[in-house]
Amino acid sequence: MRRFGKAMAALAVAACTLFGGVATSNAADVTNKDNPITLSNVRVSDVGAQTANVSFDYKIDPAQVDEIKDVCFSIEVQRITDITPIEKANSSANTIGGTGFPYIMDCSTGVSDDELTAGSYDSIYGFHGDKEYKGVFNDNDLSTDGSKVAFKASGQWFARYFNKNSWNGKASGSFDFPLIGLTPNTAYTNNAKGSDFPSYPYQEVVQDTSNELLRNGVHVKTPVDIRQVALYAQPIYKDSNTKVSHWVEDNENALKFVPDFTTKSVAAAKPAETLPDKTDVKAEVAGGKVEPGKTARVYIDNLKDVAKGKADANSLFWYAYIYSTPQALTGPDGAPFVTVKKEEKTGKYYFDALIPSNLPDGEHKISVQDENGTVQAWTPVTVGDTSPTPTPVDKSKLNAAVGDAAKLAEKDYTKDSWAPFAKALADVKTVAGKQDASQADVDAAVKALADAQSGLKKAETVPSKPSKPDNGDNDKQSDSNKPAATKPSASDKKADSKNDGKKQRLDKTGVDVRSWPVRWSPWPCWVPVLQR
-17 MRRFGKAMAA LAVAACTLFG GVATSNAADV TNKDNPITLS NVRVSDVGAQ TANVSFDYKI
43 DPAQVDEIKD VCFSIEVQRI TDITPIEKAN SSANTIGGTG FPYIMDCSTG VSDDELTAGS
103 YDSIYGFHGD KEYKGVFNDN DLSTDGSKVA FKASGQWFAR YFNKNSWNGK ASGSFDFPLI
163 GLTPNTAYTN NAKGSDFPSY PYQEVVQDTS NELLRNGVHV KTPVDIRQVA LYAQPIYKDS
223 NTKVSHWVED NENALKFVPD FTTKSVAAAK PAETLPDKTD VKAEVAGGKV EPGKTARVYI
283 DNLKDVAKGK ADANSLFWYA YIYSTPQALT GPDGAPFVTV KKEEKTGKYY FDALIPSNLP
343 DGEHKISVQD ENGTVQAWTP VTVGDTSPTP TPVDKSKLNA AVGDAAKLAE KDYTKDSWAP
403 FAKALADVKT VAGKQDASQA DVDAAVKALA DAQSGLKKAE TVPSKPSKPD NGDNDKQSDS
463 NKPAATKPSA SDKKADSKND GKKQRLDKTG VDVRSWPVRW SPWPCWVPVL QR
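Under the numbering used here, the first residue of the sequence shown carries the number -17, and numbering increases by one thereafter.
Some hints here could point you the wrong way.
To be verified - Within a straight-line C-alpha distance of at most 25 Å, the following computed DSS-like cross-link-like pairs (lysine-lysine) qualify:
| hint | residue 1 | residue 2 |
| --- | --- | --- |
| 1 | K152 | K70 |
| 2 | K260 | K292 |
| 3 | K286 | K323 |
| 4 | K405 | K393 |
| 5 | K238 | K292 |
| 6 | K330 | K286 |
| 7 | K130 | K116 |
| 8 | K146 | K116 |
Hints were generated in silico from the structure; no laboratory data involved.
Working from the sequences, and respecting the hints, build out all of it.
Structural data, given as structure tokens:
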């Protein structure tokens, strides 16, 4: 199961490390117990420029194992580089941190590793200048005024802890603690000496140093070198009313100093022309494209078992670069390195890197190298807009379907079958007119219209019977159908007399159409009478 550390700017959140202490409950039902955890065999490995791994063994008093819900392992890094004295600080070992052990944290506040951003990373792990420390000692009444500033200090300080999935529920075990946020070329040591508070000397040494400067008449910013890296373990009990005692002597076995170590320089990026042709580890970006100003996921394959184990514990730290001219890539959390992790859904190993927003489009390479500068893998990438180029939408079938459907007439089909067809046709026309219609929209509309058209049913056509003329019982022509009697004129008679006995001849032109009902037809019929 993946575990994430949490971190905080230790002196900003817990000024108790110097003055404030951890509030203790006055409730009568709170039970304070000696810390049942003993730490041993503390060691440092895999020291890089900004990361290191702290490993240690632990044992828990068997009498308390069943009462414990979780164990919180924490490391506090303190490094003061200058002090500006203002007033006398309270340097009494009996009152530092209230009256109890000042290092205890609630192990619930802070920022988780997976929630870090570029801004929060720097605010926690970066260099802090002129931090105010409050707690002025009054010699007259031996009181401390916590509202007044005693001195200002600059340096690096943060606390980092693991409180979930860090303990396996057993009375003994080992733990690997990934320590990030370190500064390159820097010694992380424990040089606070000469204190009356030997179990945890850093707090008193810082205050004593400021007070000594005041006694010597120094009121300006003065370089100092005070360092401490402390490891602490505390149980989190199932019963919320059970707490660890705040007294130092009750926690001595659970507090250890981390062995001194010095971080490396950041290894220079290899020039593009020196990248190896082949590497055992393989790198690949899905699709081979990355976009400026956005996070790219680079998949890593063929890791060795040791590297896989570190990646599973979120403690495999590498340095990534993008070419042609090598440019360092940061993690999306703002870290100046990338963390190789395991993708839960696929089981693939990967790292995320932020592509610089000012990177020009074109062909580039991404390489990744370990803390020693050895190139582990590289892959070619295309920098540019990774949005897929839209494919032109083909509406030819849609337009053809609309044309064919327009030829159909509603009167030729049943009402029930025409209604869905008409709706499908209207929908198709709507899609045809949309400029942003997708190919899926077009294809779906064409199919819907085809389905509706195939469901059309022809309307039944029954010819109507014509009405029969009423001719009476004797089937004689009615008076209304008789031609009107006309008396021939004198000229007509003369013309007729001239043609008597001659063969009749029709002119090729001149047709006189006259209406004569045909007796035996059931319908009135019109026959032409040709004029001579």
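Here's how the hints hold up against the structure:
| no. | hint | result |
| --- | --- | --- |
| 1 | K152 to K70 | 47 Å, violated |
| 2 | K260 to K292 | 23 Å, holds |
| 3 | K286 to K323 | 14 Å, holds |
| 4 | K405 to K393 | 16 Å, holds |
| 5 | K238 to K292 | 24 Å, holds |
| 6 | K330 to K286 | 13 Å, holds |
| 7 | K130 to K116 | 5 Å, holds |
| 8 | K146 to K116 | 33 Å, violated |
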